[in-house]
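*Asks:* This is what each chain is made of:
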Amino acid sequence: MMALYVALAVGAVLFGVGLYGALSQTNLVMIMMGVELMLGAAMVNLVAFWRFLHPETYAGQMFVLVVMTVMALEMAVGFGVGTARFRAKGSVEMEEARELRG
Amino acid sequence: MILAATAILAPLAAAALILALRRLPAALALAGTGAGLAASAATLLRVAGGASLSATLPGLPGLPLRLLAEPLTALLSAVVAVVGFFVVVYAVGYMEGEGGRVRFFAGMSFFVAAMQALVLAGDWVLLLAAWELIGLSSYLLIGHRHEREGVPQAATRAFLYTRTADLGLYAAIFVLVAHAGTSEISPTLQTGGAAATAAGLLLLVAAMGKSAQTPLQGWLQDAMVGPTPVSALLHSATLVAAGAILMIRTSPLLSPAVLLLAGLAGGATALLAGLVALAERDLKRLLAASTSAQYGLMLLAVGAGSSVAALVHLAAHAAIKSALFLGSGVFQHARGSTRLDRLEGAGRARPRTFLGFAVAGLALAGVPPLSGYFTKDAILAAAFGSPYAPLLAPLALAGTLLTGAYVARALGLLWRGAGAGGPVKGARWMGAGLAALALLAAALGLAVPPIGELLTGQELPEGALATVAGLAATLGGLALGWLVPEDRMLGPLRAPAERGFRPGGGLDALVARPALALGRAAARFDDGVVHAAVLSAGRAALAVAAASRLTDERGIDALVLSLARGTRRLGGRARELQTGLVHRELLLAAGGAALMLVVLTIGAAGT
Numbered sequence: 001m002m003a004l005y006v007a008l009a010v011g012a013v014l015f016g017v018g019l020y021g022a023l024s025q026t027n028l029v030m031i032m033m034g035v036e037l038m039l040g041a042a043m044v045n046l047v048a049f050w051r052f053l054h055p056e057t058y059a060g061q062m063f064v065l066v067v068m069t070v071m072a073l074e075m076a077v078g079f080g081v082g083t084a085r086f087r088a089k090g091s092v093e094m095e096e097a098r099e100l101r102g
Numbered sequence: 001m002i003l004a005a006t007a008i009l010a011p012l013a014a015a016a017l018i019l020a021l022r023r024l025p026a027a028l029a030l031a032g033t034g035a036g037l038a039a040s041a042a043t044l045l046r047v048a049g050g051a052s053l054s055a056t057l058p059g060l061p062g063l064p065l066r067l068l069a070e071p072l073t074a075l076l077s078a079v080v081a082v083v084g085f086f087v088v089v090y091a092v093g094y095m096e097g098e099g100g101r102v103r104f105f106a107g108m109s110f111f112v113a114a115m116q117a118l119v120l121a122g123d124w125v126l127l128l129a130a131w132e133l134i135g136l137s138s139y140l141l142i143g144h145r146h147e148r149e150g151v152p153q154a155a156t157r158a159f160l161y162t163r164t165a166d167l168g169l170y171a172a173i174f175v176l177v178a179h180a181g182t183s184e185i186s187p188t189l190q191t192g193g194a195a196a197t198a199a200g201l202l203l204l205v206a207a208m209g210k211s212a213q214t215p216l217q218g219w220l221q222d223a224m225v226g227p228t229p230v231s232a233l234l235h236s237a238t239l240v241a242a243g244a245i246l247m248i249r250t251s252p253l254l255s256p257a258v259l260l261l262a263g264l265a266g267g268a269t270a271l272l273a274g275l276v277a278l279a280e281r282d283l284k285r286l287l288a289a290s291t292s293a294q295y296g297l298m299l300l301a302v303g304a305g306s307s308v309a310a311l312v313h314l315a316a317h318a319a320i321k322s323a324l325f326l327g328s329g330v331f332q333h334a335r336g337s338t339r340l341d342r343l344e345g346a347g348r349a350r351p352r353t354f355l356g357f358a359v360a361g362l363a364l365a366g367v368p369p370l371s372g373y374f375t376k377d378a379i380l381a382a383a384f385g386s387p388y389a390p391l392l393a394p395l396a397l398a399g400t401l402l403t404g405a406y407v408a409r410a411l412g413l414l415w416r417g418a419g420a421g422g423p424v425k426g427a428r429w430m431g432a433g434l435a436a437l438a439l440l441a442a443a444l445g446l447a448v449p450p451i452g453e454l455l456t457g458q459e460l461p462e463g464a465l466a467t468v469a470g471l472a473a474t475l476g477g478l479a480l481g482w483l484v485p486e487d488r489m490l491g492p493l494r495a496p497a498e499r500g501f502r503p504g505g506g507l508d509a510l511v512a513r514p515a516l517a518l519g520r521a522a523a524r525f526d527d528g529v530v531h532a533a534v535l536s537a538g539r540a541a542l543a544v545a546a547a548s549r550l551t552d553e554r555g556i557d558a559l560v561l562s563l564a565r566g567t568r569r570l571g572g573r574a575r576e577l578q579t580g581l582v583h584r585e586l587l588l589a590a591g592g593a594a595l596m597l598v599v600l601t602i603g604a605a606g607t
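From first to last, the protein sequence lines are chains A and B.
Going by the working numbering, the first residue of the first sequence is number 1, and it counts up by one from there.
Going by the working numbering, the first residue of the second sequence is number 1, and it counts up by one from there.
Don't take every hint at face value.
Unchecked claim - Reference excerpt, derived from the structure (chain A facing chain B, CB under 8 Å, subset only):
| # | residue |
| --- | --- |
| 1 | 19 |
| 2 | 23 |
| 3 | 31 |
| 4 | 95 |
None of these hints come from the bench; they were simulated from the model.
Each residue gets a CB set at the ideal place from its N, CA and C atoms; glycine is no exception.
This is chain A alone, in the form it adopts within the complex (with noise of 0.2 Å):
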């Protein structure tokens, strides 16, 4: 049982940083690094409820996956806004995106 503990904590850990990554930072990029992060927490999570308290099913192992579809295309997508916002205006800095303000 300790070892789940000690993946959760990991995972918490992680999570922490990514979203302190994530609302502290203004570079986009920086910001997704954030993102990638907390999704590494949850994955992180999900293996470790699957592996210690039930690895007889393969449920978890399915998150995991729709989890890393999902990070490839937020990286895609993600970087794919960057890239031409950084074309647009020469910079990603997100402070100065402030276009669709209501």
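With the hints as your guide, set chain B onto chain A.
*Replies:* Chain B in isolation, oriented as in the chain A frame:
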């Protein structure tokens, strides 16, 4: 019974078709009245053979409509059909080139249909309905040339007079039906006692109004403004005859007192209307006054207790008077007027028309062997034979004398004097109608008395004294009218006779003025009360509308607007959340997720 119904339905269908198609009015009217004539004649033949036909039609609940073809009604129906047909034949010529032919022929057909319904009715309800319908159609036909001055007044006058007298019929029917418990005519005629007297008096009032008896005679002469065929039909077999027909049909009901009154009223009319006819300066008005007088003689015959004499005189008079009117219509077309001073010599210019006119006129006067001689003889004999002979016989004789006098006067005026007339359009049709009716007027004398006897089972009254006195009166009247100018004959009576014996406006004061005053009062009531009520209702509606507009503006509109304002303000607040800064929004998302986590945790702990 279908035959008898055809007599009603054929002219009715013709009227409907004329109005619907609006073309060929004359041909349709001829076809309709001709079919009616054939049906009527067939009915008469079958009834004369001893059959009595009747039919019950569904009418009002509890008041079925009955048709009855017994000898009396079948004979009357035949009279109506014959006269109606020949008058329509004549009208084809008379109306050539005149306006409103659709209206005219539809009205004539409808008139004949309504009259057939009246004579064939076996039921008070149907009789009353037909009675009203002939009143309506005569109003329409008298007012045919409504654009001319005085015509609408004359039509209204005729309508008002007859309608006022009709109240008597209504009341009589109420009395009879309430007393006998059925609306069928024949059982109600067995009513006796006070109810019979009351109903008889009321019926007499109705008959006097329709038959233009003194003192209700004024309207008939004014009705002469209608086209001449209308006058011919009106006077001979339809509207005016309806009164006499009513008295003849209800004669078994009448008590001695009512009979005496009817006889006196008829006699007085024969006398007064005869004087009026003698003084008249217009041919058609002369004939109208003579109509009143002849129906007076019929009422006198009913009053003398011999309704069969009245019936045969009615039939003969129908042919005679329609022929006279048709002749006067030809003269009218030739000279453009019916004033006697303009008609002088018109007869000499058109000898064939004059022949027909003269035959009918002499028949009216009662010259043997023309029809009027036989019927007038019967009336005189009835008067001499009645219990009230001292009262009735002199009146009847005076009426006969006057008839001779005014007939001779009219003939004299038409024959003497010179002057040719213009050509007459449609003379062939007019001549055909006139010839047929004049022939009937001449020949009916041979046929009518035996027919009347056969049909009614009563003997025609006879009397040597009556015959001699009647002939003397007739010939004396004719000689008087031919030889003596009417001014000298009438003397001081001339002026009141020319005014139609209307003391102080006559019955106008009794009938027309109250009716008009009632109308004015109704108009005032309408203006004052109904109008005001309607206006105030409108004003109230406006006030309600204004109030509702106010609440709408102040209440509902305000509510809706404040809702919109609130929503917009809320939207403004919500907009401030949307900064466009990515990390700020991420923070919000994280905060929201944390909040959700807390809620879920609490929820999970709760279970």
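*Asks:* So, for every hint listed, does it hold in this structure?
*Replies:* Results for each hint:
Because the closest C-beta pair between residue 19 of chain A and chain B is about 6 Å apart, less than 8 Å, the hint holds. Given the 8 Å rule on beta carbons, the hint for residue 23 of chain A holds: about 5 Å separates it from the nearest Cβ of chain B. Taking 8 Å as the C-beta cut-off, the interface hint given for residue 31 of chain A holds, the closest approach to chain B being about 6 Å. Nearest Cβ of chain B to the Cβ of residue 95 of chain A: about 7 Å, under the 8 Å cut. The hint holds.
The structure is consistent with each of the numbered hints, conforming to all of them.
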